[in-house]
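**Student:** Residue numbers (my numbering), protein chains in the order written: chain H, 3 to 456; chain S, 3 to 456; chain W, 3 to 456; chain L, 3 to 456.
Be careful, since some hints might not be right.
Unchecked claim - With a straight-line Cα cutoff of 25 Å, these simulated DSS-like cross-link-like pairs (lysine-lysine) come out:
| # | chain 1 | residue 1 | chain 2 | residue 2 |
| --- | --- | --- | --- | --- |
| 1 | S | Lys102 | W | Lys117 |
| 2 | H | Lys195 | S | Lys102 |
| 3 | H | Lys67 | W | Lys194 |
| 4 | W | Lys370 | L | Lys370 |
| 5 | W | Lys194 | L | Lys370 |
Just so you know, these hints were derived from the structure itself, not from any lab.
There are 4 protein chains.
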Amino acid sequence: MGLHEECGVLGIYDFDGSHVAGMLQTGLYALQHRGQVSCGIVTNDDGRLHQVKDNGLVSEVFTEKNTATLTGNIGVGHVRYSRADDLPENAQPLVSRYCKGSLTLAHNGSILNVKELREELENGGAIFQSTNDTEVIMHLIAIARTRVRSVEQAMLTVMKRIEGAYSMVLMSPRKLLGVRDPQGFRPLAIGKKGNSYILASESCVFKSLHAEFVRDVRPGEVVLIDRDGKLQSFTDFCGKTPSLCAFEYFYFARPDSMVDGQSVYQTRIHAGRLLAQQHPAEADVVVGVPESGPHFALGYSYESGIPYVEALIRNRYAGRVFSEESESRKEATLNIKLSVIESAVRDKRVVVVDDSVVSGTTAAAIVKMIRAAGAREVHLRIACPPFLFPCYFGTEIPPKKDLLGVKYTPAQIGKRLGADSIGFLPVEKLAELGLTKDKNCTACFTGEYPVQMN
Amino acid sequence: MGLHEECGVLGIYDFDGSHVAGMLQTGLYALQHRGQVSCGIVTNDDGRLHQVKDNGLVSEVFTEKNTATLTGNIGVGHVRYSRADDLPENAQPLVSRYCKGSLTLAHNGSILNVKELREELENGGAIFQSTNDTEVIMHLIAIARTRVRSVEQAMLTVMKRIEGAYSMVLMSPRKLLGVRDPQGFRPLAIGKKGNSYILASESCVFKSLHAEFVRDVRPGEVVLIDRDGKLQSFTDFCGKTPSLCAFEYFYFARPDSMVDGQSVYQTRIHAGRLLAQQHPAEADVVVGVPESGPHFALGYSYESGIPYVEALIRNRYAGRVFSEESESRKEATLNIKLSVIESAVRDKRVVVVDDSVVSGTTAAAIVKMIRAAGAREVHLRIACPPFLFPCYFGTEIPPKKDLLGVKYTPAQIGKRLGADSIGFLPVEKLAELGLTKDKNCTACFTGEYPVQMN
Amino acid sequence: MGLHEECGVLGIYDFDGSHVAGMLQTGLYALQHRGQVSCGIVTNDDGRLHQVKDNGLVSEVFTEKNTATLTGNIGVGHVRYSRADDLPENAQPLVSRYCKGSLTLAHNGSILNVKELREELENGGAIFQSTNDTEVIMHLIAIARTRVRSVEQAMLTVMKRIEGAYSMVLMSPRKLLGVRDPQGFRPLAIGKKGNSYILASESCVFKSLHAEFVRDVRPGEVVLIDRDGKLQSFTDFCGKTPSLCAFEYFYFARPDSMVDGQSVYQTRIHAGRLLAQQHPAEADVVVGVPESGPHFALGYSYESGIPYVEALIRNRYAGRVFSEESESRKEATLNIKLSVIESAVRDKRVVVVDDSVVSGTTAAAIVKMIRAAGAREVHLRIACPPFLFPCYFGTEIPPKKDLLGVKYTPAQIGKRLGADSIGFLPVEKLAELGLTKDKNCTACFTGEYPVQMN
Amino acid sequence: MGLHEECGVLGIYDFDGSHVAGMLQTGLYALQHRGQVSCGIVTNDDGRLHQVKDNGLVSEVFTEKNTATLTGNIGVGHVRYSRADDLPENAQPLVSRYCKGSLTLAHNGSILNVKELREELENGGAIFQSTNDTEVIMHLIAIARTRVRSVEQAMLTVMKRIEGAYSMVLMSPRKLLGVRDPQGFRPLAIGKKGNSYILASESCVFKSLHAEFVRDVRPGEVVLIDRDGKLQSFTDFCGKTPSLCAFEYFYFARPDSMVDGQSVYQTRIHAGRLLAQQHPAEADVVVGVPESGPHFALGYSYESGIPYVEALIRNRYAGRVFSEESESRKEATLNIKLSVIESAVRDKRVVVVDDSVVSGTTAAAIVKMIRAAGAREVHLRIACPPFLFPCYFGTEIPPKKDLLGVKYTPAQIGKRLGADSIGFLPVEKLAELGLTKDKNCTACFTGEYPVQMN
């Protein structure tokens, strides 16, 4: 609870005679957990673009009426999480017209050298209408495209210049492209339904569309679907050591997704088991903090034999209201969002499992609520190691000064949060979850960044 | 999944110098599960009424701006579930002016003899601006009040005339009343925070307000809080055999509520245990269908020792969109609302536990989804007995012709739903859950109506 | 500029096979000048009512979508001007269900004995959901209807009880009624298009519908259109001395309307001529203050020979914004609403004609603007006599203490407003305009009320 | 009635310590007649930009709440008329970030060589997010700025490249610029209030702000207000023969504006007089078609001695609804928009004066309405010569095939429109109005284009 990734991307090229807007909308529902601030769909009806983009949830932005205007058999969709300094003009997908017609871009990630690239472009006379990385990439593609023969070659040219994390979907007048950075920081997968191709941040999209999962886009790969309905692969940038963000498994991804071949749900169950081994507790019941806590808690229960209870209930009607709450109101509003079932914890020793601890405000409030409901003891178990380092690849981790793990020992943290005991997943156990240096970025826990940081 | 109760009611009389609007809003969040179509708050600022009422969720209807206009230390709130034939003018709380000033009424229930009462009133020259029972009650109170000395005496006079289910909150210029029908079909409870009194459909409200649960309003009781801050009780209609709706425990009430002294959560766990005893299964995992299924499933798991998995995930961003869907779209949209975690059920024999089966459309679709995810066997377990009889007390049970339990044997139902086996809670086990004839209405299962039906 | 009437009413019974909603909408556009705060349409589709009512202009409230729901061949419409203490629940038409089905009522006017009637009803046990006169009338009709054989007889029974000004349209399940109070304070006219009947506050409606003007409803008359397509007339209350509000001609009515046989436009031209005779001016140009001023100014120009110039321009995009402005902002916002064409008044002696003066704020600001534009002299001419007395029949004249005419002589008023001279239409000249005691109410100017005031 | 100009521009640099948003909003009200589809304001608070831009009228787009966010002492505003193919992303002012910070641009006009410039930019790798000329100009300025020392030098560099009509306001981090094309096709004027400078499309803005008119921006001039509060002038492109659009006087400009030293109102009066001389009529009354017709009609009346009547009334509540009506609905909706005062025209010979005739649909409908109101004869007088040639400078004249003047003689046009006679202002009389070749573009009437057209 408390961290945010920035986006989910989606692209569909339909070869079975349908308009893609309906499928894009369904697919964005399945990606909504990756961003709730704005969303958009751009479709391509034989070269003519149609778009609907706005602040709000998928269920709010798309209406029967505006969706009907989104004709065409190629399309790109996006859901966005917005940071404090974000502007409406940063809504995606970004559409522009360049020398070869239209170009539409949906992006998830964070470009490390964006400042330098932007300055260089500005010094060449470029203008920018947003502050997001996507527009910088768009400029680079347009410039590259004046020198090479195709948009895919332009993309490959641009990949020489941009560093960092990016999973992208691009739509040109007649092509759909999927792009993943050489280290594969962010997920991107390929699905197929009939003859139609789907590119999506997570595989959960495919099931909601009754489509087949084909495979993940490889780190560094550019995949191209052209109007002949074939998928081509460009692997010029493949071969580097991959670095998929480990936190996708703990928090970002939906539990029913497979990310780079690994089940999110099973990883969470497994993490819960490891936690039970490493930090056993003399307790009567195990509780998980929604949304992802319950899966870790189940693993803890399986391993420890302590019964799992569903004693923390999220009020599903409260979510939106308090999304931009101030830190100071957090505890107050938590009483609307979460409830404790007293009869499940009264006079019990309770293990509470959460995915992570950032500032600790929420965790402390939950400990307090459970005690108020009559628990005799509260033992906090955190499914990932403490955050110790900033992320430069799109995960919004607070500055070091606000990270509990930097300032305090685990025991001190437990005390501050009011828990009788606390236990984090030991950093060395990440490998047992399959989250290893040769595959994953764990820099926020370890400080070992997969790229040379200046 | 599939049944709906009509309302949640709330009333607060603040004696600690505050405006009640904020507390009412928080309280309505906690009652939102009882009705999502419209909601409203009416406050009383020294005799002057202020109101905000509209279609939509609490989070949509109340804004910082309009809540600021709701000044006053007495107030009434309401959330409403709306039937197909319902009209905007039926939104509650209902406000009217009568011989003694203003009267505000929030009502949950269903008056059996409403048609006769309305005809009688119309024949006397009355006009009606809505079609709901509340306006009929309002008329009766106004007429009674011309003959008796107080609003509470008027209410008691009216109670001689109205039959059926009603839990109500009334606000007169200087009083707040709570009323529960003599059989107590619908819940109503009393809470206290500091010197202030709270009346609410469910006790979960009190926790969200950091208030104390005092007691349930007794069946037939009228409680009155006047401006001296004292609570008076009128028990003229108490003493009948109570008949609290048993289905409150299975479906309507929030699991963290205590209803008439009994924990909803524990009742659900217990029902799951009984189900496991009565209908054991050779299976590998137990799954619950959200929202209430998981608690029954946990009970089933505890009793049977079969591991509980959280393999059905509700998309919390999808809820509103499809609330008014046609029957025919239900299966299609279920794929957006619910996802199966394949890795948790693949090659497994799965027990699926749901609260009830009405038309079976949803259950059949879920069985299909779980099979599609690779389950080897699917065993349905239903936490309450089959519905066999209509409800006249506010629960919207479909007509007999649409009730599976009327037309088919359990085995036939299981087959139609595509399950390898099926098991319902035996009707004779209701007593073991504490749901007995001398306390509860179970007419929808048994046909034994607690009042003489004509 | 500054006074407001409260309403426009409209009713259509179509016998040519059409839905009336489109015609009602067009007709309300033509009545919009009589009320801009809220509007509504209720249609009757073979007994089933449909309604759209909301705050806002006709162009805002009615959409293609909601108008499509308004099926049926009988309908009633209303535009409302709202006073400060007015409530959303007072929106009209008012719909209720009573012993004989539905009843829909749209009302323009002011009932003098409403307080007594309401008390009497309340003492009999009636409840009220609004504060407007319409609901009181509705109650009385419903009660009367229990004793007489038809809604028209009920209406006639009620007319014995209610005193004051009312022009109304009523719709019962199969009938449309038009009602005008015995003194005919407010206008109401009958139109016909093909076989269909139209009842409307003003005749300008008929032209916008390409319908024929048939005649005015007579003071005291009840007209009834039943499903045989015939118009019946009930004249029980006809025969009193009529008292049509004289101010309809000066301000309320649209210039293209004929009200009780007299052209509004020609009355205004005539008033301008009389003003020129009574208060000539040595001047170079004549200017009118929009909206109605220009017609008086033309008359002044015709009579005096002084050229008419259109030197005051209303910004037609500014209207709504400042409709609820505070007195203090009036002058400031007037600069957005009105502009002076400098080249038309520079170095000129200017006659400025306005319909009336209430508080004088606007007039003073206009004099100032015209001087600022370079006028050498500004001579104010006011087309009606000074307001000296309150109105009890629906015109919102400010309290005596705010009426310039009560506190000051005309010369003093001219001075306060900054004019070089001022002239009001002499009260004794009203008769020359055809506004005579045996036909019109001029009480606001003369204090001679057409009914005995208590 | 029927032609549209595309925009109004506004810029304010306040040196008296105020935020400019309020003044910009008031100023845009005064420019609203130049564009009703979208509007926007961008302010500059010490380098930090704030913006509000949306579809809708000034009164709809700007609220107390969003205007409060528009802090800063420099700002730019825009109102836009949108053509059929126009897109939301074309809303202005356009904001971008370039090598020297932010740049904000509001533009009125039409660049002739925009296609070539855009292709050249695209071939250099530029991307475009809109289809309007403004973005092309923005690119050119950004590129130029990489080579010259200031934004004003960049603007002057760009002026060498762009051809056609443009009046613009630019805002850089610390400067406000006004730019007018070398031929001055579109107006732009300078005002001053206290120490603050105002740049606006029309002088009517200054009066609404109680500001002084200083002078018009000269054709080809760039004016610069920097943070020292001084106005500098760059005249590199001055000296060409000016070509202010003559149609500004007939239709676009507000009558209370002075455009390049000439009063719009007086020009219209004068045109009416000339029309009376050239095309006298045996008639009883003269009527003008709103909005601009009445002023021509007054001139006609002054010259001919035929009395002016205000017999055509515009319904001021109808304007917005039908703004995007289809040609086929025009006549039908005209009955809502316009009414004839029967008593002013019945049995009369009527001269009807309008500003211009494009397709003739509206004029024919008006003739019909006036006849239906009982006029004996209808004589059309058109205040400008027939349109015979397309406009390339921003006036949206229909294609030749839809221009009545191209296909028919005046007599034939009169017949088609149902008039008893017709008369256009003779093209050779434009000079008498002061609209001469050495000052004005009259190409739409004469075909003599002020620039070499390819």
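**Student:** Now tell me, hint by hint, if it's right for this structure.
**Tutor:** So, going through the hints one by one against the coordinates:
1. Lys102/S with Lys117/W: Holds - the C-alpha atoms of Lys117/W and Lys102/S are around 15 Å apart, at most 25 Å.
2. Lys195/H with Lys102/S: violated (68 Å)
3. Lys67/H with Lys194/W: Violated, because 38 Å separates the two Cα atoms, which is more than 25 Å.
4. Lys370/W with Lys370/L: violated (42 Å)
5. Lys194/W with Lys370/L: holds (21 Å)
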